[in-house]
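Engineer: Take a look at the letters that make up each chain.
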Amino acid sequence: MGERARITKETVARLAEAAGLPLTEDRLELLAPQLDDLVAAANELNRKMAERWETTPTVQFRHTEHGEERS
Amino acid sequence: MGRANEVTIAQAAQQIQSGQLSPVELTQACLDRIEEVDDKINAFISVQGDQALEVARAAETQIRAGYYLGPLHGIPIALKDNISVRGIPNSAGSKILRGNVSDKDSTVAARLKQAGAILVGRLNMHEFAWGGTSANPHYGPVRNPWNTDRFPAGSSGGSGASVAAREVLGALGTDTGGSVRLPSAINGVVGIRPTIGRVSNYNVIPLAWSMDTVGTMTRTVADNALMFNTIAGHDPKDESTSRVPVDDYTSQLNVGVRGIRVGVVSDYFFTHLQPAVHNAVRGAIDTLESEGARIEEVKIEHIHGNISAQLTIESAEPSSYHQQWLRERPEEYGEDVRTLLELGELYLATHYIQAQRYRTLLRSEFLEAFNYVDVFICPTLPFTATPVGAMTVVIENDEEEDMLSAIMQYTGVPSLTGLPSLAVPCGFDQDGLPVGMQIIGRPFDELTLYRVGHGYQQVTDWHTRAPSL
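As they're listed, the protein sequences go chains R and P.
Under the numbering used here, the first sequence has 39 at position 39, and the numbering climbs by one with no breaks.
Here the numbering used here runs 71 ahead of the position in the second sequence, where the first position is 1.
It should be emphasised that the hints constitute simulated quantities derived from the structure, not laboratory data.
The structure presented is a predicted model; accordingly, all values stated were derived computationally and were not measured.
The beta carbon of each residue, even a glycine, is placed where N, CA and C say it ideally should be.
Any given hint could be a false lead.
To list a few chain R residues with every Cβ distance to chain P over 10 Å, as calculated [claimed, not checked]:
1) E3
2) A5
3) R6
4) E10
5) E25
6) R27
7) Q34
8) H66
Which residues of chain P face chain R? A partial, calculated answer using Cβ under 10 Å [stated by the list, open to error]:
9) V95
10) R400
11) L417
One chain only, chain R, in its complex shape:
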């Protein structure tokens, strides 16, 4: 696997734009290295979880329309 692409302030600017989050230049500078660390760790977890395809997130619904009690 090649060296991963770093998250730069330009990356943060694009993500923030997509999220509709206005960020000034100094915020972009501040956030880029921190997001780089966080996303690197999150990507590592993604890789681990890819090996566990059978594991599902636990989402619980109460089907009250079918007579199930609310919580």
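Position chain P against the provided structure of chain R, taking the given hints into account.
Structural biologist: The following block gives chain P in isolation, referenced to the frame of chain R:
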């Protein structure tokens, strides 16, 4: 004989019921103590002294007339500032919600009131509970009663500091990634993170919905069980609460630890921590073994990865709650919380979902291990109290580490898995700063946590020591 505010809840309850101690005298002693020391530790955002005394007088009248409600009747308690009480400002330690007055009680506050507890004030905290230092930029930093140059951890820093300083007999905090257990350990008090769904979050200002829970903080394990009895249980106002029956959490306090199987995950929980913390927690495990517990080494295959999963979930969920304020009033947040909220908007959806899948995996591995052990014991956090305002911490080899990742290293495991966890004092470091262990249990088995914690406190005296302020 010490001052009235120095008694435990169990002692006070006995004295109040028998007429030896008046709720008014006890409440006044707590208010005097707050007046005496709170300018040094800044645990309170506001104190409702007159109201507390009024309730105390009513309690005294009731009890004299024979209407004793139980062990919390007439007991002064304080609540973290994100737990709503009708008619009282609750800001969650923020500027954004300054002046916010709830018109409804949270369910936990309502239950404490029904049990006759006296709510004396609002406790300082990390802004919106999003951080572990309680260095609050709007209300000032909370300070550690054992050394006021040191932090009280957080986010329920005011809760931990107020109980340790004998300002109140018990407090409520909230715990998402460790916010009850961390300040409990760092201030030398007892705190529980219950099984997720055991306690109502109704009218509690959220941090991360899928991990938030209210917890009790006290000086002793027995007191904690008494308080927990009052707040645990299903709440029709909170759909996420469970209908699993509640126990009497005091019922097995005196059973002892003989035969209890204690799991230890040495290759995760004892590899990267300060020597004083290592020695204190290992010493506690040895003590339990000498009392008849059996110690079992356990491997949890996927335990590494929990910090990233926690940071991802604890970033994305708060950022969705704060989305509008972050766009309209960003400058009203403290710098650290603003940064975390901004970062939380920038993760990908797949990161969040993989983190949620990881929770399922980690939980299944712990549930499997509970076939062989009854509880796990580990440190609550890998270091003792750092200087107020520090954003980094040195754990070993003179290397500075980011505070947030370091502080949630051990508390994140119960938070992600939904398992209950009890923080119990188990020693002091070379500078006289408290160390706490975590006892982690099966879902809805708080009873065993209290049994083990109380068994430990019956043969140790860490919990009887008080800071000199």
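Engineer: For every hint, state whether the structure bears it out.
Structural biologist: Structure-based check of all given hints:
1. The Cβ of R:E3 sits about 20 Å from the closest Cβ of chain P, beyond the 10 Å cut-off, so the non-interface label holds.
2. With a minimum CB-CB distance of about 14 Å to chain P, R:A5 clears the 10 Å threshold, and the non-interface call stands.
3. The beta carbon of R:R6 is kept farther than 10 Å from every beta carbon of chain P, the shortest such distance being approximately 14 Å.
4. Distance to chain P confirms R:E10 as a non-interface residue, since its nearest Cβ pair spans about 13 Å, more than 10 Å.
5. No Cβ of chain P approaches the Cβ of R:E25 within 10 Å, the least distance being about 14 Å, so the stated non-interface status holds.
6. Listed as a non-interface residue, R:R27 fails to keep its Cβ farther than 10 Å from every Cβ of chain P; the least gap is roughly 7 Å.
7. Against the 10 Å criterion, R:Q34 falls within the reach of chain P, whose nearest CB is about 6 Å from its own CB.
8. Under the 10 Å C-beta cut-off, the non-interface status given to R:H66 relative to chain P holds; the minimum distance is some 16 Å.
9. With its C-beta approaching chain R no nearer than about 40 Å, P:V95 sits outside the 10 Å limit, and its interface hint is violated.
10. The closest approach between the C-beta of P:R400 and any C-beta of chain R is roughly 13 Å, which is over the 10 Å cut-off, so the hint fails.
11. Given the 10 Å rule on beta carbons, the hint for P:L417 holds: about 5 Å separates it from the nearest Cβ of chain R.
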